[in-house]
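Undergrad: Chains as they are written, first to last, in my numbering: chain A, 266 to 513; chain B, 1034 to 1305.
Treat the hints as calculated values from the structure; they're not laboratory data.
Some clues are possibly wrong.
What the hints assert, rightly or not - So the derived label-pair ranges between C-beta atoms look like this: (1) Gly1281/B x His474/A: 56 to 64 Å; (2) Thr268/A x Ile1164/B: 55 to 63 Å; (3) Ala449/A x Phe1224/B: 41 to 49 Å; (4) Asp1099/B x Lys393/A: 52 to 60 Å; (5) Glu465/A x Arg1217/B: 34 to 42 Å; (6) Gly420/A x Trp1069/B: 42 to 50 Å; (7) Arg415/A x Glu1213/B: 20 to 28 Å; (8) Glu465/A x Arg1295/B: 35 to 43 Å.
Stated by the list, open to error - No farther apart than 25 Å at their CA atoms in a straight line, the calculated lysine to aspartate or glutamate pairs in the DMTMM-like style are these: (9) Lys350/A x Glu1268/B; (10) Lys1140/B x Asp502/A; (11) Lys1140/B x Asp312/A.
We put the beta carbon where it would ideally sit given N, CA and C, even for glycine.
Read off the chains here:
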Amino acid sequence: MATPIIEAEGLGVRFVRNRRRQMRIREMFIHRSNRSPNPGEFWPLRDVNFSVNAGDALGVIGRNGTGKSTLLRLIAGVLIPDEGKITVRGRVAPLLELSAGFSNDLTGRENVHLVGSLHGLSSNFLKKNFDEIVDFAGDQVSSAIDTPVRHYSSGMKVRLGFSVIARLSHPILLVDEVMAVGDAEFRKKCYTTIERLLAEGRSLVLVSHNEADLTRFCNRGLYFEQGKLVTDGTVQDALDAYNSVVRS
Amino acid sequence: MTSSVTTLWENRNALGLLVRRDLSVKYQQSILGYLWSLIEPLGVAAIYWFVFGVLYGTGADRHLGDANNSYPLFLITGIFAWSWANAAMGEATSALTGQARLITTMKVARQVFPIGRVLGRFAEFVAGIPILIILAIVFGELHFDWQLLALPLAILLQTVFLTGLALLLSSLNVLLRDVEKLMRLGLRFLFYATPIIYPLALVQNADMPGWVKTVYELNPLVGIMQLYHAIWYPEMFPSAQLLGVTVGISLVLLVGGWWVFRRLEPAVLKEL
């Protein structure tokens, strides 16, 4: 068997509620040992073990507040686990908050170059593919490409962000309900893009509540309940587990 | 620590991009653009020149030494260096909190954000160097001599000092937002605790207990500022002891700031 592209072993993250009230300077540096369990602390994720092989499309299912987005942030490397470890072999293209890297005062054009380069696209590639990227984002965006992003609607920002990040050649895609934002036409474009990327052999981790999306893209499913991984199987297994809890 | 230094090096592209972005955002919307980075410190210098050069200028011994007849040059050199320190420390404090959305979606070495603020302000300082040279020529204090080497040494030390402080302040500010408010007072204090508008000799000859002077010289900016002054006035070159203290404390701040940043990083990421 090939080495998995994402591997989680005993993964856990601890958050502390009302941290501000309980924080003491001393505690920031001296890690509390287990002798004084803090009543405000909770684990959005704990004891999570799974692995994803290259080319897998993984659907992450669970009710709100069960650590799905936390898991994506851990895979993206923008959160550091308190327990266990997560190994990600390959770069990650995060389709998470698509307009996150944009500076409102810069024009769409400048932002495409900025965000693209921050994600590791070369400026040559960006110049060559600039028109395609903008066309993909739609007419509204291409006619406003030289005005500051401040004047864009949130949908326009998301579309432009998606068209940049969809260009990344990174082997792992993280998708968190982006499809919910755009209009029907753009959603269709997203679907074809994701299908194309999957056909190229990329791996996908998708967080969604939409059963149709999940069955459409994913071959595997993880079902989370209160920060614990309950079901690890096909996407149908995970959906069944989810539905049996939700509908009962 | 070595591993995080290499990751920082691998992220040098992102660092450059962020610095360029900050500069272009800043100057895009003002007509005078880049000139603002010069006008502001020059305006401040004019005020201090009026008060301490004109109004108090007739006092007996001001301990200015060689700078007695070129106080504007002395003042502007200090103010330019201070502007860099002031803005870098102020902006670095909010470097992580202000860019939270970028940090929580994109995987780059997080050190890039505070360090970018230090470097961005350094670019503005560089833009002011020609003005300093022109002033030095006007006052006849430009000597092509070993003393010009004080400039790169001063810049190096100030970069070390500011980087350490930026890492420390930016990470602490995420967990304790009071840091940002404290900094406003802290920076004002630091300005007067550094020989910018007055010469160090005035402090050394003042009628104060010895320990006050010792504590005063523990501020690395004192030694750094003396190096800047030494570019034009060699007699102001810091003593070996002062230079040693400056180098030592700057390095301690860099290592300490780096350590604190690494240590707080998991908590910072959760909080953003």
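Undergrad: Has the hinted range 52 to 60 Å been met by the Cβ atoms of Asp1099/B and Lys393/A?
TA: With Cβ atoms ~58 Å apart, the hint holds.
Undergrad: For the pair supplied as a hint, Lys350/A and Glu1268/B, confirm whether the alpha-carbon distance does not exceed 25 Å.
TA: Measuring from Cα to Cα gives roughly 58 Å; hence the hint is violated.
Undergrad: Tell me if the straight-line CA distance from Lys1140/B to Asp502/A falls inside 25 Å.
TA: Violated: Lys1140/B and Asp502/A sit about 32 Å apart, past 25 Å.
Undergrad: So does Thr268/A sit 55 to 63 Å from Ile1164/B, Cβ to Cβ?
TA: With Cβ atoms ~59 Å apart, the hint holds.
Undergrad: Starting from the hint 34 to 42 Å, judge whether the C-beta atoms of Glu465/A and Arg1217/B obey it.
TA: violated (52 Å)
Undergrad: Between the alpha carbons of Lys1140/B and Asp312/A, is the straight-line distance 25 Å or under?
TA: holds (24 Å)
Undergrad: Range hint 20 to 28 Å: satisfied by the CB atoms of Arg415/A and Glu1213/B?
TA: holds (25 Å)
Undergrad: Range hint 41 to 49 Å: satisfied by the CB atoms of Ala449/A and Phe1224/B?
TA: Since Ala449/A and Phe1224/B have Cβ atoms about 58 Å apart, the given range 41 to 49 Å is violated.
Undergrad: Lying within 56 to 64 Å: is that true of the beta-carbon distance Gly1281/B to His474/A?
TA: Since the Cβ atoms of Gly1281/B and His474/A sit about 58 Å apart, the hinted range of 56 to 64 Å holds.
Undergrad: Quick one: are Glu465/A and Arg1295/B within 35 to 43 Å, going by C-beta?
TA: holds (37 Å)
Undergrad: Kindly confirm whether 42 to 50 Å is satisfied by the beta carbon distance between Gly420/A and Trp1069/B.
TA: violated (35 Å)
When each numbered hint is compared with the structure, violations occur for hints 3, 5, 6, 9, 10.
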